[in-house]
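Undergrad: Next come the chains, spelled out residue by residue.
Number of protein chains: 2
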Amino acid sequence: MSYVSGFRCTICETIYKKDAITTYTCPSCGEKGILDVLYDYKSIGEVLTRDSLKANSDTSIWRYLPLLPVEDTYLSDTLKVGGTPLYKSKGLAEVLGTRHLYIKDEGLNPTASLKDRASVIAVIKALEAGISTICCSSTGNAASSLAGNAARMGLKTFIFVPERAPIGKLTQLLIYDATVVSVAGDYKATFDLSKAAIDHFGWYNRNAAINPYLVEGKKTVALEIAEQLDFKLTDWVAVSVGDGCTIGGVYKGFYDLLQLGLIKKIPRILGVQASGCAPLYKAFRTNGPVEAAEENTLADSISVGVPRNPVKALEAVKKSGGNYVSVSDESILEAMSLLGKTEGIFGEPAGVASLAGIQVAIQEGVIKKDESVTFIMTGNGLKDIKNGQLAAKEPIHMNSNVDEMIRILSQK
Amino acid sequence: MSYVSGFRCTICETIYKKDAITTYTCPSCGEKGILDVLYDYKSIGEVLTRDSLKANSDTSIWRYLPLLPVEDTYLSDTLKVGGTPLYKSKGLAEVLGTRHLYIKDEGLNPTASLKDRASVIAVIKALEAGISTICCSSTGNAASSLAGNAARMGLKTFIFVPERAPIGKLTQLLIYDATVVSVAGDYKATFDLSKAAIDHFGWYNRNAAINPYLVEGKKTVALEIAEQLDFKLTDWVAVSVGDGCTIGGVYKGFYDLLQLGLIKKIPRILGVQASGCAPLYKAFRTNGPVEAAEENTLADSISVGVPRNPVKALEAVKKSGGNYVSVSDESILEAMSLLGKTEGIFGEPAGVASLAGIQVAIQEGVIKKDESVTFIMTGNGLKDIKNGQLAAKEPIHMNSNVDEMIRILSQK
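Note that the protein sequences, when read in sequence, are chains B and S. Counting from 73, one number per residue, gives the positions in the first sequence under our numbering. Counting from 73, one number per residue, gives the positions in the second sequence under our numbering.
If you are wondering where the hints come from, they were derived from the structure by calculation, not from laboratory data. Incorrect hints may appear among the rest.
Treat identical chains as interchangeable: a pair holds within one or across any two.
[Unchecked claim] Using 30 Å as the maximum straight-line C-alpha spacing, the simulated DSSO-like pairs for lysine-lysine come out as follows:
| id | residue 1 | residue 2 |
| --- | --- | --- |
| 1 | 114 | 336 |
| 2 | 465 | 413 |
| 3 | 260 | 413 |
| 4 | 228 | 160 |
Predicted model, so just to flag it, every value in this text is computed and none were measured.
Construct the entire structure; sequences and hints are all you get.
TA: So this is what it looks like as structure tokens:
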């Protein structure tokens with residue numbers, strides 16, 4: 073926390089000193105007053121430089137410690153979060169016809185999604201606060217990443233999930249020994265019940281929409297992308313959007329680098345929502361308020377009808393000169409198959425929605441053919457085999473007769 | 073290939089010059105004459121040193137290029153294989169009562185298993201040979217890793233799998249656009265059919281038991297473990313064993329380091345087989361021949377009744393002063409749950425079999441309480457959710473009534 077200088081409320085814009093905040097949100101605005109963590113960039117700039125990064129052999133997110141709101145007490149014991157590969161595309165770029173295309177494979181984080189970046193921060197903050205139980209509500213990835221990261225550090229977890237959470241994600245967090253509460257209801261009902269439990273039991277709250285520190289963890293994906301591109305960013309960075317916290321983190325990471333003078337411009341951010349659940353897309357395109365939407369998409373990780381972080385989600389796109397697009401479930405499944413076929417990367421629906429979004433943005437003329445793009449593949453396809461099966465082709469069944477095998481395969 | 077000096081047959085021990093080998097196996101011994109790749113360690117020692125490794129920022133397996141049988145032509149385009157974390161255990165070490173315990177999480181490779189280390193080598197060798205189609209038979213991980221690594225490099229794949237392959241692994245390789253042939257039969261029938269297809273169509277053969285280069289890829293896991301431990305290895309290294317190629321690779325990696333003077337001693341290698349399919353365990357313990365075994369275990373990746381690499385598999389253990397143990401399916405499921413709970417790592421059955429094996433080895437007095445152990449967790453649990461569910465506890469179902477929630481959770 074040595075470089076955190078204070079907090080700013082995203083609603084009333086009041087600035088608070090570091091020690092003035094003892095809860096998660098703005099004391100005036102209440103639960104909707106999500107806070108933004110402020111840093112002393114001048115001091116950070118003295119310790120975090122291109123040269124210091126080059127000399128740093130730590131490939132986890134802790135290499136960016138001066139830009140993170142945690143002490144170094146517990147860091148050496150955590151799961152190794154971050155350091156995921158950024159691939160320059162050949163096959164996929166050709167199909168899309170884009171000049172330069174990069175893929176950030178976040179499915180290779182320890183519990184197989186970008187959410188590990190936030191969860192490991194939550195676990196550290198709980199330890200720093202002396203709290204031994206953490207809770208969150210989640211459509212899946214936040215939950216399993218919290219459970220995994222907490223298990224490694226010896227903390228207990230209570231996880232509230234909506235009934236529709238895919239079995240892959242559920243099994244994963246049960247293996248991590250979380251106490252899982254499966255709620256008959258939608259994401260909002262699940263979220264509200266978790267909040268009541270947190271209030272009653274005094275657990276640490278990992279709900280990304282409330283807790284101001286989680287977006288700070290998520291921003292490390294942007295820091296890594298920038299460093300992996302030697303701080304020469306692509307014109308666009310595309311990411312799928314549910315609650316709005318991840319896209320807020322992506323913006324924050326680039327914002328930090330801009331303050332430090334490590335980049336000259338924040339890339340345009342493309343927010344991608346599923347057509348069946350697109351409240352932020354609609355608000356952005358109509359310049360209207362964010363209205364509750366149905367949750368009608370197979371991309372469970374971004375199926376959030378009432379996003380809890382609308383301000384950060386809309387501002388990330390607006391301030392970066394970006395845009396929002398929405399994509400059909402069919403195009404998400406096609407993107408899953410396309411990414412696997414051309415790049416050897418298997419992404420979950422929400423993870424490849426950003427790729428489907430790039431295709432839409434190119435069709436709509438939002439992204440120009442000569443512009444370069446990075447997309448963040450947020451989660452591993454192994455988490456959601458059911459939808460993977462919908463996207464995959466069929467195997468050929470045969471017995472062990474050699475002649476028949478040769479006859480059949482000769483036609484392939 | 074600049075440092076490869078030749079090949080030695082593991083059966084007749086004939087040494088061949090580099091250019092004398094145009095097939096995969098020994099010209100005299102035929103298909104059983106699996107070759108071992110020989111290196112010019114003196115020259116390698118001049119370029120691969122502790123200092124050169126420290127100065128190398130590449131965290132993939134290509135950092136060990138002088139010890140690998142490939143040219144550097146295609147390396148910059150591959151998936152990023154290797155660089156997986158090695159964790160020092162706290163929670164699990166306490167449960168086992170071992171002095172020092174380390175866990176190598178191979179589930180964080182690009183297609184989520186150790187097999188990527190071999191598959192990426194196969195893909196490079198096919199490209200070097202100008203062959204555009206690769207084939208293998210596999211119980212799952214070798215297949216999906218081949219399909220993923222080949223897709224990234226624009227190669228076509230034909231994969232022969234036994235019908236029992238878990239749906240997670242099947243879906244994954246279908247997403248990578250492999251042509252999958254599902255064979256009604258056991259692993260041997262699948263292997264034989266793939267061989268007939270390779271002979272007929274002239275495809276590149278990725279079958280680890282035949283192809284001498286794959287064990288060279290797998291050995292990088294040992295190189296990484298050694299480097300991550302600053303070349304101060306644990307007394308034991310435990311790994312599960314199916315075909316015998318992985319354990320052969322682990323030995324070869326340590327052997328290489330010994331030749332280079334980077335380590336003083338090869339650690340004792342603990343080979344772990346499932347009780348329901350333990351031909352190598354039986355051969356080792358009885359000092360008898362390797363006899364075909366039933367394939368009766370839920371750990372599909374090591375369910376190999378007729379191991380194709382028995383010589384390397386037995387010698388790895390014998391020469392290192394190690395041992396073989398066998399473990400029940402029940403203990404594998406318990407190890408899966410234990411690893412998740414204490415370390416936040418979700419492993420597939422074959423991946424955690426090595427942990428169950430450490431427990432048996434401690435009980436049998438094979439591993440002493442004051443000895444240190446590293447175990448290689450070979451594959452991600454998300455690949456096999458069905459068995460994950462067997463190991464996991466149950467969620468608590470409830471509606472959104474707050475009072476009832478508090479009443480129920482107060483008892484947890």
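Undergrad: Against this structure, judge whether each hint is valid.
TA: Hint check results:
1. Taking identical chains as interchangeable, the C-alpha atoms of residue 114 and residue 336 lie at most 30 Å apart only when both belong to the same chain, with a minimum of 17 Å there against 48 Å between chains.
2. Taking identical chains as interchangeable, the C-alpha atoms of residue 465 and residue 413 lie at most 30 Å apart only when both belong to the same chain, with a minimum of 11 Å there against 36 Å between chains.
3. With identical chains, the CA atoms of residue 260 and residue 413 are at most 30 Å apart between copies only, with a shortest distance of 29 Å across copies and 36 Å within one.
4. With identical chains, the CA atoms of residue 228 and residue 160 are at most 30 Å apart between copies only, with a shortest distance of 20 Å across copies and 39 Å within one.
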